[in-house]
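Undergrad: Residue 520 in UniProt numbering sits at position 520 of the sequence shown; the count goes up by one each step and never skips.
No lab work stands behind these hints, which were simulated from the structure alone. Take these hints with a grain of salt, some might be off.
As the list claims (entries may be wrong) - Computed cross-link-like contacts, DSSO-like style, restricted to lysine-lysine with a CA-CA straight-line distance of at most 30 Å:
{"#": "1", "residue 1": "Lys288", "residue 2": "Lys365"}
{"#": "2", "residue 1": "Lys107", "residue 2": "Lys189"}
{"#": "3", "residue 1": "Lys288", "residue 2": "Lys417"}
{"#": "4", "residue 1": "Lys241", "residue 2": "Lys469"}
{"#": "5", "residue 1": "Lys155", "residue 2": "Lys241"}
{"#": "6", "residue 1": "Lys405", "residue 2": "Lys381"}
{"#": "7", "residue 1": "Lys189", "residue 2": "Lys405"}
{"#": "8", "residue 1": "Lys225", "residue 2": "Lys157"}
{"#": "9", "residue 1": "Lys580", "residue 2": "Lys107"}
{"#": "10", "residue 1": "Lys283", "residue 2": "Lys189"}
Please read these numbers as outputs of a predicted model, since none were measured by experiment.
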Amino acid sequence: MSMKINKTYSARDVEQEAQSYWSSAKIFLADEHNSGEKFYSLCMFPYPSGNIHMGHVRNYSIGDAIIRYQKMCGKNVFQPMGWDAFGLPAENAAIKNNTHPASWTYKNINNMRIQLKQMGYGYDWSREIATCSPDYYRWEQWLFLRLYERGLAYKKKSVVNWDPVDETVLANEQVINGRGWRSDALVEKREISQWFLKITDYAEELLDGLNHLEEWSVQVKTMQKNWIGKSTGVQVSFKIKGTGNTVEVFTSRPDTIFGCSFIALAPDHSFARELSEREPDIKLFTDKCMQMSTAESDLATLTKKGIQTDYIAINLLNGEEVPIWIANYILSSYGTGAIMGVPAHDERDHEFAGLYDLPVKHVIKPVDKESANIEGLFTGKGILINSGEFNGLVSDDAIEGVTQKLREIKAGTFETKYRLRDWGVSRQRYWGAPIPIIYCDDCGTVPENDLPVVLPEEFEFTDKSNVLKNIPEFYNVKCPSCGKNAVRETDTFDTFVESSWYSARFTCADQPNMMLDERADYWAPVDLYIGGIEHAILHLLYARFIHKVMRDEGLLTSDEPFVRLFTQGMVLKDGSKMSKSKGNVVNPQDYIDNYGADTLRLFMMFSAPPEQQLEWSDSGVDGAHIAKSY
Numbered sequence: 001m002s003m004k005i006n007k008t009y010s011a012r013d014v015e016q017e018a019q020s021y022w023s024s025a026k027i028f029l030a031d032e033h034n035s036g037e038k039f040y041s042l043c044m045f046p047y048p049s050g051n052i053h054m055g056h057v058r059n060y061s062i063g064d065a066i067i068r069y070q071k072m073c074g075k076n077v078f079q080p081m082g083w084d085a086f087g088l089p090a091e092n093a094a095i096k097n098n099t100h101p102a103s104w105t106y107k108n109i110n111n112m113r114i115q116l117k118q119m120g121y122g123y124d125w126s127r128e129i130a131t132c133s134p135d136y137y138r139w140e141q142w143l144f145l146r147l148y149e150r151g152l153a154y155k156k157k158s159v160v161n162w163d164p165v166d167e168t169v170l171a172n173e174q175v176i177n178g179r180g181w182r183s184d185a186l187v188e189k190r191e192i193s194q195w196f197l198k199i200t201d202y203a204e205e206l207l208d209g210l211n212h213l214e215e216w217s218v219q220v221k222t223m224q225k226n227w228i229g230k231s232t233g234v235q236v237s238f239k240i241k242g243t244g245n246t247v248e249v250f251t252s253r254p255d256t257i258f259g260c261s262f263i264a265l266a267p268d269h270s271f272a273r274e275l276s277e278r279e280p281d282i283k284l285f286t287d288k289c290m291q292m293s294t295a296e297s298d299l300a301t302l303t304k305k306g307i308q309t310d311y312i313a314i315n316l317l318n319g320e321e322v323p324i325w326i327a328n329y330i331l332s333s334y335g336t337g338a339i340m341g342v343p344a345h346d347e348r349d350h351e352f353a354g355l356y357d358l359p360v361k362h363v364i365k366p367v368d369k370e371s372a373n374i375e376g377l378f379t380g381k382g383i384l385i386n387s388g389e390f391n392g393l394v395s396d397d398a399i400e401g402v403t404q405k406l407r408e409i410k411a412g413t414f415e416t417k418y419r420l421r422d423w424g425v426s427r428q429r430y431w432g433a434p435i436p437i438i439y440c441d442d443c444g445t446v447p448e449n450d451l452p453v454v455l456p457e458e459f460e461f462t463d464k465s466n467v468l469k470n471i472p473e474f475y476n477v478k479c480p481s482c483g484k485n486a487v488r489e490t491d492t493f494d495t496f497v498e499s500s501w502y503s504a505r506f507t508c509a510d511q512p513n514m515m516l517d518e519r520a521d522y523w524a525p526v527d528l529y530i531g532g533i534e535h536a537i538l539h540l541l542y543a544r545f546i547h548k549v550m551r552d553e554g555l556l557t558s559d560e561p562f563v564r565l566f567t568q569g570m571v572l573k574d575g576s577k578m579s580k581s582k583g584n585v586v587n588p589q590d591y592i593d594n595y596g597a598d599t600l601r602l603f604m605m606f607s608a609p610p611e612q613q614l615e616w617s618d619s620g621v622d623g624a625h626i627a628k629s630y
C-alpha cells in the first residue's frame with residue numbers, strides 16, 4: 001500500500017470540521033413535518049462483527065451519494081443506521097474469550113459506529129437501533145403473540161434441517177447446496193418440535209406482489225418466484241392394498257397416470273417412518289437418507305437409491321397394482337412427499353426404474369409420431385396412448401378429462417401447491433430474542449403476558465448447546481393463567497425475524513408504547529433499499545411477508561416494504577471475494593487514517609459501475625486522492 005501523501009492537504013482536519021458541522025446543525029436529522037417529498041433510503045444494516053469491511057464501505061457510499069443528491073433536489077430525506085446484533089458469532093466469541101455476548105456485541109457496535117461516523121455518512125443517528133435491545137425485540141415478541149392468536153404461529157414436531165457445527169435448526173432457505181448458510185457444514189435431518197410462522201398463507205400474495213415490484217431486478221424476482229414455486233395439478237389417492245389407508249400423491253401431469261409403475265415415498269414420509277419403526281432394513285435405509293443433502297442441485301445428480309416395501313398401491317383409475325418404494329430422491333417438503341413413478345415420462349423416475357428393473361409404460365407419444373410403438377424417455381406433452389378411454393386425446397385435454405374422472409370416483413382433487421414451506425423460527429441458541437411462550441401442565445401452551453421476556457445475564461457458557469436449558473431461573477415460571485408451576489420456552493427466534501421488520505421500526509425507534517406509530521406510515525415503504533443479491537430469498541422474502549403481516553394488523557397501510565431494490569456488486573481482491581481465510585482482506589481503517597474518507601468513497605463510486613463487481617486497486621485509491629489544495 002502506497003502511503004506517500006502530500007501533507008499540504010489534511011484530509012482528517014477537513015473531514016472532521018465538516019462532520020462536526022453536519023452533526024451540530026443536525027443536517028441529516030429526519031423530520032416528518034418537512035414539506036418536501038419524502039425519500040426513505042436504507043442500506044442493509046450490518047452485523048456488528050467489530051470492524052466495517054470494504055463491502056460495507058461500498059454499500060454505504062452508494063446509499064450516501066444518492067441521499068445527498070435527493071436532499072439537494074429538495075426531498076425530505078431519511079437515512080438511518082442500526083445493528084443486526086443477534087447471532088452465533090457473538091456466542092462463539094463469548095465461549096472463546098470467556099465474555100458475555102452482550103459485552104462483545106456492544107463493544108463492536110461502539111467501534112463500528114465510530115468508523116461509520118469517520119466515513120461521514122449522512123445518517124440520522126437519533127433513530128439508531130440494535131436488535132439485541134429489549135426495547136426492540138419486545139415488539140417482535142408482541143407481534144409473534146398476535147400471530148399466535150391468529151393461528152399464523154404454531155408448534156409442531158417435524159423433520160428439520162440440523163446444523164451439526166452450529167448445533168441449531170436451519171430454515172429451508174438457510175440451506176445452501178446442502179450446507180449451512182453460515183457454518184458451511186453438511187446439514188442433517190432431525191425430528192424435533194419447532195415453532196413455525198405460516199408464510200404459506202401469504203404464498204399467493206407474495207407471488208402476485210412480484211408483478212408490482214417494477215423497480216426490482218428480474219433476477220431477484222425470478223429467484224423469489226422459483227422459491228415460492230407455485231404448481232397446479234391433482235392430488236391423487238392410491239389405495240394401500242390390504243389396509244383401509246391411502247397414499248396421497250401430487251402430480252402436475254395427471255395425463256401420465258396410466259404409465260404409473262410404482263409409488264415412491266420420501267424417507268421421512270409418515271408411512272415410511274411408520275415402517276422404519278418395525279422393519280430394520282427400512283430403518284437402516286431411511287437413517288442413511290436422513291444424513292444426505294436435500295438441496296435440489298445435489299438431488300439432481302444423486303445416484304438414485306430405494307428400498308421396496310411389502311405394500312402394494314392400487315391405481316383407482318384402472319385398478320392396476322404397483323409396488324410402494326421408499327426413495328432417496330423424493331422430498332417430503334414438496335407436494336405430499338410421495339410421487340407416482342412414471343418412468344417413461346419423467347427423467348428421475350426413468351433413472352430409478354432402470355436401476356431396479358421396474359416397468360416402463362409409454363402412455364404419451366409425440367404429436368408428430370404416427371406409430372404408438374415408442375421407446376426411451378419422452379417428457380413432453382403429446383397424444384395419449386395405452387390410456388383406456390383417454391386414448392387419442394392431446395395432453396391438455398387429457399389432463400382435464402383425467403382430473404374430472406378422478407373427481408367423479410373420489411380419487412383426486414385439483415390442487416395448487418407451493419414449494420414454499422412454513423418458516424421455522426425456533427433456534428437452539430442463547431443469543432437471540434426469547435420466544436414468549438409458557439407451557440403449563442393444566443393450561444397447555446400459554447402466551448407470556450409480561451413483555452419483554454429478556455435474556456438472563458448471570459451464567460457461564462460451558463459449551464455450544466442452548467444454555468437457556470441449563471438456567472432454571474429462566475425457565476421455571478408461574479403460569480399466567482392459573483398461577484401454577486410452569487416452564488418457559490427455551491428456544492429463541494431465528495435472527496432473520498429481527499431483520500424482517502427493522503426498516504419500519506427505524507421510523508419510530510423512540511416509541512416506547514407501541515410497535516409502530518404514525519411515522520411508520522409516513523415513511524414506509526422504503527423508497528430505495530440497497531444490499532447484496534445473496535439476500536434475495538432469505539431476508540427479502542421474509543421482510544415482504546412480515547410487512548404484509550404488519551399491514552394486516554393495522555400497523556401499516558402499504559403492501560410492500562421496498563419500492564426499489566438495488567443490489568450492488570462485491571468488492572474483490574485478486575479476483576476473489578475478500579476473506580480472512582484467503583488472506584486478501586483490505587482494512588478500511590488503514591485508508592481512512594492515511595487517505596481520508598473522501599478518497600475511499602470516491603474510489604468506491606468511480607472505479608466500477610455500482611451494480612458490478614469492483615476489483616480493489618491501491619493505484620486506484622492513489623488516483624482518487626487529493627494531494628494538494630489550491
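Undergrad: Against each hint, give a clear statement of whether it holds in the structure.
TA: We went through each hint and held it up to the structure:
Among the hinted pairs, lysine 288 with lysine 365 is inconsistent with the structure: their alpha-carbon atoms are about 38 Å apart, more than 30 Å. As the CA atoms of lysine 107 and lysine 189 are separated by approximately 36 Å, the hinted pair breaks the 30 Å bound. Proximity of lysine 288 to lysine 417 is assessed by CA-CA distance (about 28 Å); at most 30 Å being required, the pair is judged to hold. Among the hinted pairs, lysine 241 with lysine 469 is inconsistent with the structure: their alpha-carbon atoms are about 46 Å apart, more than 30 Å.
A distance of roughly 34 Å separates the Cα atoms of lysine 155 and lysine 241; the hinted pair therefore is violated under the 30 Å criterion. This hinted pair checks out: lysine 405 and lysine 381 have alpha carbons roughly 20 Å apart, not beyond 30 Å. At roughly 38 Å between alpha-carbon atoms, lysine 189 and lysine 405 are farther apart than 30 Å, so this suggested pair is violated. Proximity of lysine 225 to lysine 157 is assessed by CA-CA distance (about 28 Å); at most 30 Å being required, the pair is judged to hold.
Straight-line distance between C-alpha atoms of lysine 580 and lysine 107 comes to about 21 Å, which keeps the hinted pair within the 30 Å bound. Proposed proximity of lysine 283 and lysine 189 is supported: the alpha carbons are some 14 Å apart, at most 30 Å.
Checked against the numbered hints above, the structure violates hints 1, 2, 4, 5, 7; every other hint is satisfied.
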